[in-house]
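Line order of the protein sequences matches chains Z and W.
Counting from 31, one number per residue, gives the positions in the first sequence under our numbering.
Counting from 12, one number per residue, gives the positions in the second sequence under our numbering.
A couple of the hints might just be wrong.
[Stated by the list, open to error] Computed Cβ-Cβ distance ranges for the label pairs, DEER-style:
1. Z:Gly211 x W:Thr105: 55 to 63 Å
2. W:Lys26 x Z:Met31: 34 to 42 Å
3. Z:Glu238 x W:Ala127: 29 to 37 Å
4. Z:Pro174 x W:Asn120: 54 to 62 Å
5. W:Asp157 x Z:Gln198: 37 to 45 Å
[To be verified] List time: in silico EDC-like cross-link candidates among lysine to aspartate or glutamate, alpha-carbon distance up to 16 Å:
6. Z:Lys100 x W:Asp214
7. W:Lys123 x W:Asp93
8. Z:Lys269 x W:Asp93
9. Z:Lys263 x W:Asp67
10. Z:Lys273 x W:Asp93
If you are wondering where the hints come from, they were derived from the structure by calculation, not from laboratory data.
Backbone N, C-alpha and C fix where the C-beta goes; we use that ideal spot for every residue, glycine too.
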Amino acid sequence: MAKVLSNKSLADNIYFLKVSFKETINVKPGQFFNLKVCRDESYDPLLRRPLSVFDFDLDNNEVSFIYEIKGRGTRALSNYIKGDFLDIHGPLGNGFTVDFNNKKLILAGGGMGIAPLYFLAKYIGVNNDLTLCLGAANKGVLKPLVDYFANIVVELKLSTDDGSFGSQGTISCLLNNSSLGKEVEYDYLFGCGPKPMLEWLQSWMREEGISGEFSLEERMACGNGLCLSCSCKTTDGNKRLCKEGPVLPADEVIINGL
Amino acid sequence: MVYNVGLKTSLGPLKLESPVMTASGTCGFGRELADFYELKELGGLIVKGITVDPRDGNPTPRIAETAAGLINSIGLENPGIDGFIKEELPFLKTVNTKVLVNISGHSLNDFKKLAAVLAENEGIDGIEVNVSCPNIKGGGLAFGTDPELVFKITDLVRKEYNGFVMVKLTPNVRDIIPVAKSAAEGGADALAVANTLPGMKIDIESRIPVLATGSGGLSGPAIKPVTLRLVYEIVKNDILPVLGLGGIMTADDAIEYLLAGARAVGVGTATLIDPYAPIRIKSGIAKYLKNNSFDHLQEIIGLAHKKGANL
Numbered sequence: 031m032a033k034v035l036s037n038k039s040l041a042d043n044i045y046f047l048k049v050s051f052k053e054t055i056n057v058k059p060g061q062f063f064n065l066k067v068c069r070d071e072s073y074d075p076l077l078r079r080p081l082s083v084f085d086f087d088l089d090n091n092e093v094s095f096i097y098e099i100k101g102r103g104t105r106a107l108s109n110y111i112k113g114d115f116l117d118i119h120g121p122l123g124n125g126f127t128v129d130f131n132n133k134k135l136i137l138a139g140g141g142m143g144i145a146p147l148y149f150l151a152k153y154i155g156v157n158n159d160l161t162l163c164l165g166a167a168n169k170g171v172l173k174p175l176v177d178y179f180a181n182i183v184v185e186l187k188l189s190t191d192d193g194s195f196g197s198q199g200t201i202s203c204l205l206n207n208s209s210l211g212k213e214v215e216y217d218y219l220f221g222c223g224p225k226p227m228l229e230w231l232q233s234w235m236r237e238e239g240i241s242g243e244f245s246l247e248e249r250m251a252c253g254n255g256l257c258l259s260c261s262c263k264t265t266d267g268n269k270r271l272c273k274e275g276p277v278l279p280a281d282e283v284i285i286n287g288l
Numbered sequence: 012m013v014y015n016v017g018l019k020t021s022l023g024p025l026k027l028e029s030p031v032m033t034a035s036g037t038c039g040f041g042r043e044l045a046d047f048y049e050l051k052e053l054g055g056l057i058v059k060g061i062t063v064d065p066r067d068g069n070p071t072p073r074i075a076e077t078a079a080g081l082i083n084s085i086g087l088e089n090p091g092i093d094g095f096i097k098e099e100l101p102f103l104k105t106v107n108t109k110v111l112v113n114i115s116g117h118s119l120n121d122f123k124k125l126a127a128v129l130a131e132n133e134g135i136d137g138i139e140v141n142v143s144c145p146n147i148k149g150g151g152l153a154f155g156t157d158p159e160l161v162f163k164i165t166d167l168v169r170k171e172y173n174g175f176v177m178v179k180l181t182p183n184v185r186d187i188i189p190v191a192k193s194a195a196e197g198g199a200d201a202l203a204v205a206n207t208l209p210g211m212k213i214d215i216e217s218r219i220p221v222l223a224t225g226s227g228g229l230s231g232p233a234i235k236p237v238t239l240r241l242v243y244e245i246v247k248n249d250i251l252p253v254l255g256l257g258g259i260m261t262a263d264d265a266i267e268y269l270l271a272g273a274r275a276v277g278v279g280t281a282t283l284i285d286p287y288a289p290i291r292i293k294s295g296i297a298k299y300l301k302n303n304s305f306d307h308l309q310e311i312i313g314l315a316h317k318k319g320a321n322l
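Here chain W stands alone, though its shape is the one from the complex (with noise of 0.2 Å):
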């Protein structure tokens, strides 16, 4: 499709077409997708979390529905690294689109291998660091609260890796600030603002949380302030360029993104509904600029900064 409007915008070094990607976990490794439309309408693929070796995830259930809102305890289900490298990686060179791959350990010396491997392979366009699974036992979520361990994974990762490096943050701590800063320090280019939010549900009727393992991370509409608002405050502080991502279901929640200084948005639990919605909110992100009369995607970024926010 032509839009009459510049959408090309970066993540640091990343340069995008357009600025909606898919995130993690709700896009496989692109083959689905692409029974749909052309990649190259995206903005960015980034690919399902990628461990050392092949996990068959989580029992089932592995999902329950909330108010406006998805808990899911996948728990990293995965080929593992030389699975990724042999099976998908093949197909990943072929899309015309920026392609990501999520990365999660159990240890920094997992971290620190799976950079590793994916350096030594050409066809991918960065990594993005998981510390902020928290479906996976030892690791995970745990890494992500932790200013001092965040470094350090983002160090050795940055180390093995010569390319993109983007973090992706847990909103599940009391402070995000000092966690972006040492993600920063590890030498990331960019963060991914946020990951899903710890949560459960119950059945009333046999009297047990639904998920076969009790609680697991909360998406879709229901999170989208909490985590819009992480975006704002860490675009306050000026650390890196941010991917924002958190319930965004339409255009409206994409530009509210931009408008709090996000330069991408991540789309995840509304491709589970439609597999169209990233195309839907990238058009509809291009009609808003154009019935507002902006020429460029850039000229609304950070704009909800104008009058400022107690945070």
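So that you can see chain Z by itself, here it is in the shape it has in the complex (with noise of 0.2 Å):
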């Protein structure tokens, strides 16, 4: 069980969730925690909701998220207030490759595949030049998340859908040489995002010789490796992403493959 710290509104639909663990835990960036959502003796919403880790905090066994309201669960969720308690599983899943030094690296977040770079930038931006480029539908989405970058040394690139922050377009637009800076060579990029932009993200490491991971998401009950609800197709066989996941080589993923 978690206790709720915060749950409050950063934009339409989009929440920041602070929970305390009493017990001891550790947590890598890339991990994620499975959220009984329903209370009680109720059985609906049925299963858990998946969130990945937006923040941790180890000196006070603190994990926040960020989520947004997309249904029933993530609207349950949000009904939850201060002091109310939680059950949560985690932390579940395998998580980013972290030991990375004096590394250039990109970290590329569409939408809410923005949360889980957070912690990951705070971790291992310490001994890396990171790159991050980041990208929503429009403001709304967008600068809420990018605050909380601030207080992390970073370069930020940014762009939305409708322009009104940023660039205008998909984040494809910050990826070029124009944009990235030609003489630059990058070790390694990091992506979590809609598929359509894992997928071009995918075909531009390609061309650009860079190896990376992705951080990926489908529909997900236990968590365990137990149902097999996530499986995802790569050239190594299929993978749970509760389990094996949701981190996965960028070039053995098989998007879009089952």
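Join the two chains, each given in its own frame, into one complex according to the hints.
Shown next, in the form of structure tokens:
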């Protein structure tokens, strides 16, 4: 069980949730938690909701999430208030590769895919040179997320579909040579976002010869590798995003492969 | 854990230390649950459905949530019988609980072949014949609605395999009794009642069904009254021992099935929400027996038949 410290709206339908655990936990960037949103003896909404970790405070055992209200489950979650208890499983999944030193790294996030990149940026930003390329539908969504990144020293490149904040377009407009700086050689890329974005990223990375990894999303039930709801096809067979993922090598993922 | 009541039960020739089994497709091949507790705490493990050839499963989305229910269309993603024997069976040989292997096929010959291969291998305690999977093209659910086919499949499996054979029935029939009787005539030792109900969810924004395959099998609390009644009906007709399953989330739910005459219960969807659910349910059953001054589980099995019911 975790205690709700804060559950507030950041923008239309976008919420910030912070919880504290009594027991000591250790969380890696890119891992997720599976949250039970129905109360006590209710079975509705039935399934837990998987949320990736936005931030983790090791000293206080506090985990925060950013989520968008997409349906009944996330709406039920948004009704929890400070002091409530949440039945939470986790941390789950493998998380991002974090053992980099003095590398030039790109973190590319689209929409709610930006959320797991914050803890990652904090974690690996100390020893590496980060370029963050973040995109979303509009300023209303992007600005509140980007504000969190302001207190980490990183290079931020922003885009919105409607041009209301940063460049106009998808994050593909941020990842061309003129925008990135032609002379810079990047070592590795972390990507998280909608499938069309990852599809574009994958081909761009192949063209540029940059390796990296994606944090992927799929409808999930158990989060423990039991049900095979979240299978993802890869060049190395099917992987369970809850168990072998959610982070997989970018080159192995076969997007929409199943 | 030690309970001061008797929890032993049996499904015909299959002796169980306790009445709670994990339903196929919700417990993998046991490895994941072994991270949470010792598998000997379970009455038995009914592992993921196996087919002759490996299957990648269906496209995603494979699940959709509905009111107190879950619709799945996993499509029997599994390593195939050879992969199972090579990669999963060695681990299953080490678990100290009853292990049943769920088998599915596209043809009668598939079932025959699967039973034959399992007969050659030691380390399992029986077969659950899945004549009711809604998520594979060809065969699947269609087998389970036809009493003649259920007889043929059971008979083929029985002839290949000497051990415990349980047939898992679909609730998607007008009258389940002829199907249950066919399984008995084919030589089954027990019946698992029941599989998921066919269901659908539509996304009103995209205006198409949520599941990539359009529809799938509904499980969870939403179906419990339906499958519970089927258990009651089959028990009343005294056909074969029954494993009751469908929407069991709590000990109370499991006790209803036992009162309806199930000799054991299967927990499925609940395990996906809480891996400890089968253990919690087992403890709850023991507590209920104790609180109501029963010494043994067997004393409550079928009690709900005393009053009778219009079916």
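Status of each hint after checking the structure:
A C-beta distance of roughly 56 Å is found between Z:Gly211 and W:Thr105, which places it inside the suggested range of 55 to 63 Å. Between W:Lys26 and Z:Met31 the beta carbons are some 38 Å apart, a value that agrees with the proposed interval 34 to 42 Å. One distance hint, 29 to 37 Å for the beta-carbon pair Z:Glu238 and W:Ala127, is violated here, with the actual separation near 53 Å. Roughly 60 Å separates the CB atoms of Z:Pro174 and W:Asn120, a value that falls within the hinted 54 to 62 Å.
Roughly 60 Å separates the CB atoms of W:Asp157 and Z:Gln198, a value that falls outside the hinted 37 to 45 Å. A C-alpha spacing of about 12 Å is found between Z:Lys100 and W:Asp214, which places the hinted pair at or below 16 Å, so the restraint holds. Straight-line distance between C-alpha atoms of W:Lys123 and W:Asp93 comes to about 15 Å, which keeps the hinted pair within the 16 Å bound. A C-alpha spacing of about 19 Å is found between Z:Lys269 and W:Asp93, which places the hinted pair above 16 Å, so the restraint is violated.
Taking the CA atoms of Z:Lys263 and W:Asp67, the gap is near 8 Å; set against the 16 Å cutoff, the hint holds. Note on Z:Lys273 and W:Asp93: the hinted pairing is violated, with a Cα-Cα distance of about 23 Å set against a maximum of 16 Å.
Hint compliance for this structure: hints 3, 5, 8 and 10 are not met, and every other hint is.
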